[in-house]
Amino acid sequence: MSSLIECEDVWKIYRVGDVEVQALRGLSLTIEQGEFVAIMGSSGSGKSTLMNILGCLDQPTKGHYRLNGIEVGNLKPDHLAGIRNQQIGFVFQSFNLIPRTSALENAQLPLFYRGLSLKEQRAQAAAALGRVGLQGREHHYPTQLSGGQQQRVAIARALVTSPSLLLADEPTGNLDTQSSQEIMKILETLNRDEGITIILVTHEVDVAAYAAREIVIKDGQILSDRKTKARPMSSPVEV
Amino acid sequence: MSAFVWLTMLTALRVLARNRLRAGLTMLGIVIGVAAVIAMVSIGEGAKRAVQAQIATMGTNVIIIFPGVTSASGVRGSQGSAVTLTVSDALELKKRIPLLADTGWTRRDVMQIVYGNRNWNGPINGISPSYLAIRDWSFTSGGPFTQTDLDSAARVALIGQTTVENLFEPGEEPVGAVIRIKNVPFRVIGVLAPKGQSAQGSDQDDVIFIPFSTAERKVFGTSFIGSVGAMFGSTDQVEDLSMAAEQIREVLRARHRLQTEQNDDFTIRTQVDLGKVQEGTSETLTMMLFAIASVSLLVGGIGIMNILLVSVTERTREIGVRMAVGAKRHHIMMQFLIEAMTLSLVGGALGIVLGVAGAKLTTLIAGWPTIISGNVIVIAFLFSLVVGLFFGLYPANKAARLNPIEALRYE
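Residue numbers (the numbering used here), protein chains in the order written: chain R, -10 to 228; chain B, 8 to 418.
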């Protein structure tokens, strides 16, 4: 069986006016099913670009990216949208909930685009909210929830489709210490108990410490890649 | 898919409800456009119906035959100036053409009428017995001529409402009174029910009817006995009118011994012909209405496009999120199209309410007849739908083509 994520000599080159910016420079990376990986790096290191590519929001300029064995480099936007809908869950730093829309409806959103019946959408979204400890708050609006609770709604939204990959881009960046710990515990539990692959971008060391593998990016290349915890589910990593 | 459309509609309504003032102002163009069209079409239809009612006062399924024009050394007289139609023509037509239910004839002249110390100049019509029936005249008091009146050229008269008002004191009973027409005394035996204006605008109630025989022998002093000013025919069915008119033409041409290269020495008009003239007028009116409607709906549509562009910009992040969780381009497209159509449909519905109310108010205040047709409402509604669709396309497409990364990062 192939790995969940296979990046092979991935380049991302932007053109800003006459200047060429190389955000990723021949990066190669393999992540197995069930891993919990933290990606660290200073701003401008290319970690956001990498996340966008891993999340199928963007495509590499050169090189190969295979998700579950599927080459996503040449796919059309709608096809990418389908892959995001089926296989990837996103958690953002600024939560990105749809304003004036209840927690339940926010969590329903990916299922809505799957074309599920309203009844199924509601049942699955309510279950996902339950998994992040938000039972009874289904009909609260984002403004009625604390930051930590909003981020949990976002996690429920990411979980609701049972994705093979959960991408969390600085999920605790806008939260206080206690909420941050709660969120990280939820992610940790999801990885440990349900085997969901999680890729986490952060520049806080204590947040990164929840992950079992730490990858440091600098200047569009991998600076270091090490296993920080022994995990029964993750396979040995070779750099 | 249906869950998708339904939920998108709900979302659209919620977005609109949130920005009620903005949505209201945006819809205003559509509201006014649709309301104007419905109100004006209703008023136009009302006017058309009133004209049709006027035409109907001519009688039922009437054909009118006028004599031709005289022509001497190239100088042509007015219509009816030639003495080409006669009573025997009318009798022959009835005998030869089974389609004709009845025929009648008249001869008219304007003369002075005197009653007591009042006088009035009005048209005097010598009429055939069948004339009253063909033209659907009825009475408010008294009754029609008897056969004896006609046979004996009796000096009896039927008078119209306008004539009554000009000759008699209010409340005075004309039936039984003796009036003088060109110094010949006539006894009034009936007062005609009012018909109002004719389709040509003349007052049909300014009239005195006397038997044709009496007119010919005692009032007009006709040089050609039996010549008539106009002939009338009627058919049982509207559909038979043109066929009957064609047969009349053939019979008259034969009777008048016209060669194929000669023009008719008479003119035939059916009630349907008169209606067509009116239809032409209302077609022009309809075209103008269409132009006005197009302009106001265009302006309304541009308003919708404008506000949707604002909405797309405001909700860039939301679009980004939707794309990230798997919305395809057509999903985003549909969302904004449905929003645009919701705007235009609600606007259209409000416009219909306002237009109908406007039409009713016009009837109430100005007293104009209005007719609200279901067709116009349906068309206006569909039109506003199309406007929403058309002007929603550009903003919706713009939203659908956003780059998800940039949309997510949008502040």
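Source of the hints: derived by calculation from the structure; they are not laboratory data. Fair warning: there could be bad hints in the mix.
Unchecked claim - In silico lysine-lysine, DSSO-like type, Cα no more than 30 Å apart, as pairs:
#: 1; chain 1: R; residue 1: Lys51; chain 2: B; residue 2: Lys101
#: 2; chain 1: R; residue 1: Lys207; chain 2: R; residue 2: Lys218
#: 3; chain 1: R; residue 1: Lys216; chain 2: R; residue 2: Lys51
#: 4; chain 1: R; residue 1: Lys51; chain 2: R; residue 2: Lys207
#: 5; chain 1: B; residue 1: Lys101; chain 2: B; residue 2: Lys367
#: 6; chain 1: B; residue 1: Lys405; chain 2: R; residue 2: Lys65
Keep in mind the model is a prediction, meaning the values are calculated, not measured.
Which of the listed hints are broken here?
1, 5
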